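Enquirer: With chain Y's structure known, arrange chain D on it following the hints.
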Amino acid sequence: MGSAAGPGNSGREASWAGDANRALNRDKSGGGKATLLLLADGRLPAGGHAHSGGVEEAVTDGRISGLDDLRRYLEGRLWTTGAVDAALAIAAWDLGDAVPLPDAAWSRLDAEAAARMPSPALRAASRAQGRGILRAARRMWPTPWLGDLAGIHPDGPLSAPALGAAARAAGLEAGDAALLACQNATTGPAWAAVRLLGLDPFSVACLLAELAPSVEAVAAEALSQGAGIDVAQLPALGGPMTDVAAEVHASREVRLFAS
Amino acid sequence: MGSGKTALVAALARSLSDERSIAVVTNDIYTTEDAEILRRAAVLPDERITAVETGCCPHTAIRDDITANLDAVEALERDIPGLELVIIESGGDNLTATFSYGLVDRQIFVIDVAGGDKVPRKGGPGITGSDLLVINKTDLAELVHADLAVMAGDAARQRGERPTYLISLAADPKGGPVAEWVRRELRSPACIAVAGR
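If you read the protein sequences in the order shown, they are chains Y and D.
Per the working numbering, the first sequence starts with residue 39, numbered consecutively.
Per the working numbering, the second sequence starts with residue -2, numbered consecutively.
Pulled out of the complex, with its shape left as it was, chain D reads as follows:
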C-alpha cells in the first residue's frame, strides 16, 4: 500500500500517451478510488479509464478468475478503435499479488524503499517472477536508513536475469527508465500489469 502503483501507472500514461493509444483498468478494493485519482491527475481522458469490482478478492480478479478484467479490456478495445496499450493496475497490496498471463503480456511489480530494505530478500512471486521489479522512492533511502545496495543485491539474487530498476517517481514523475523498458519490451497491441506492495 502506498508503494507507488497508481503513481507509476500515471507516469507511464504521461510518458507513452503521445506515442501510443493507451487505456487503464483499475482493480481497486473499493471500486473506483484509484480510477478517480487517475482522473483527477488528468493523465488520460475519462473514457480511457475503467474500474472493475473485485468482490473483496482483488487477487482472484487478476489471477484465478480474470473474467471481469478481460471483459473490461475487450470493452475498451471495442470502444476505442486503434487502442495499442492497456495498463492494468492491481488492487491486491502484498508480495503474493501476481497476474495471470492469460490476461497480460508483461507484469511490473512495485515496492518502495520506505517499506524496508529487507523486502527484496523476502521474495515471493511478485519479487521473483515479475518481468520488471521497480523499487520506488530512492529519494527516501537516507531518511528511512535503507541501504539501496543491499536492496539491489538481494533483488538480483532473487531474480536472476530479470531486471530491477531503482527509481524515484517524486523526482522523475514520468518514470523515464520504466517507460523506456515498456517501449523496448512491448510491440502493440499489448496488455501490461502493474502490481505491488
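Okay, chain Y solo, but in the shape it has when bound:
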C-alpha cells in the first residue's frame, strides 16, 4: 500500500488477499462481548459517520433545535425504526451462514425490508450503509457466505439485514444483532445532532445513558417475537415524516450528511 508498495500497485487488492490468508489460519470467530463492542463502536470504518439518521433535515426544518427535541426524536426513532431494524437484523441473522446461501429467502427479506422504507432516498442511504457494514465485516470475518451475500445484493443489502449478517459472521447471537440495530438507531443521530447544533456533548451522552434501558427493552421485545417467524409478519412501524423529510433532504443543494 502507498509508499511501501510498488508504483501504482493498488493497496486495496493486496490487503483483501492478506486478510483472507490470515483468516485461513484462524479458528472460529470470537463472538464475545468485546466483539459486540467492536461492532457497536462509532469509529468502526463502516461509513456510519456520514449519516445523521434524519437529524440534519429535522434541524434544517426546525423540528430539532435543542436537547428536548432530540430526546423526543430519539425515543420516536427507537420505538419505530429501531424496533423494525432489530426485527430485520434478527431475521437476517436467522437466515444463517449456510453455503450456498438461500438466495430466495434473502431476496424476500430484502423486499420486506425495502417495503418498510417508502422513500427511495432512504432506501439508497440504507443500502450505502449496508455496503459499508458488509465491506467492513468481509474484511474482519472473511467467510465465503458474506461474499455470496454481496453477490445477491448488487446495490448493497439494506443496513439492518447487513448488520444481522455481520453479527452472525462475527459469531454473535441474534439478541446481539437486535441490540446493535437499536443502538445504531439512536447513537448515530445523537452524535450528528452534536455536530450540527453544537449541543453540549455531555448532555447528549446523558440522554443516551437514560435511553439505554429502552434500547435494551426494544431489542429484547424484538427477540421475544422470535427468530424464525415469517418475514411478512415482521413489524412495520414507522412515521411518514421520516420518509417525507428524507426526500426533501436528498433534494437539497447544501448537505453535510448523506442522509
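For the record, the hints were derived by calculation from the structure and aren't laboratory data.
Since this is a predicted model, take the numbers as computed values, not measurements.
One thing to keep in mind: the hints can contain errors.
[As the list claims (entries may be wrong)] Label pairs and their in silico Cβ distance ranges:
id, chain 1, residue 1, chain 2, residue 2, range
1, Y, 277, D, 33, 28 to 38 angstroms
2, Y, 291, D, 119, 32 to 42 angstroms
3, D, 14, Y, 254, 50 to 60 angstroms
4, D, 30, Y, 135, 55 to 65 angstroms
5, Y, 103, D, 185, 43 to 53 angstroms
[Claimed, not checked] Non-contacting residues of chain Y with respect to chain D, defined by C-beta distances greater than 12 angstroms in every case (computed):
id, residue
6, 82
7, 109
8, 113
9, 114
10, 163
11, 190
12, 194
13, 251
14, 252
15, 280
16, 282
17, 293
[To be verified] To give an idea of the interface, some chain D residues facing chain Y are shown, with a C-beta separation under 8 angstroms as derived from the structure:
id, residue
18, 15
19, 51
20, 52
21, 53
22, 54
23, 57
24, 58
25, 61
26, 63
27, 64
28, 65
29, 67
30, 68
31, 177
Beta carbons are placed, not taken as given, at the ideal position from N, Cα and C, and that holds for glycine.
Expert: Positioned in the frame of chain Y, the structure of chain D alone reads:
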C-alpha cells in the same frame, strides 16, 4: 483554503486525460461545491466526477473511515470500464489533513505562497509525510513578501528525500511538473490524493 487543490485537480485532469482514463472524487464540506467547479471547468465529462458527503468531518472521510470514498471509487470502476486513474480531492483544509493509504497509492499536499513563507517550517503530517509537496502561487511571492528560498529550504529539512515542487498554476494551468511526477510515479490503475491547506 484557496491554496489551489481544485485548480491542481483540474490541471492534472487536463494534462493526463489524453493519456489515461481518469475520474475525480471530491470530499467537499458542502457536498458538491468542488465537483461543480470541476464540472464548470469542463475538464472531464460529468459522469467522471463524483462528490461524497462527509458528515461535517472531512478528515474522517479520508483517513479514519474511508468507506464512502471506497464506495465512490468502486462505483466509478464499475461504471467506467478501463478506468486507470482516480484523483481524490480532500475537503479538510488544514495542515493535519492526511489520507489513508488504504484508499490511495500516493498523496500530494498543496500549500500556497500567499499563506506565508513560514508554513513549511511549521510541519505537520501533510508537509512532512506527503509523497509530493506542491507550493503553489510562486507568481505572488513578491506581492506578499514571501521568500521562496526560505520555503524551499524549510520544506527540504522537513521532508528529507521527499520531493517539493514550487509552481504557479496561474502561469501553468496544466501543472506540468506535477503531471510529470504522476506519470513517473504511478502505473495504472491507481488512486491519487490531493489534500492541502
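Enquirer: Find the hints from earlier in the document that the structure breaks and name them by number, from lowest to highest.
Expert: 4, 6, 10, 12, 17, 18 and 31
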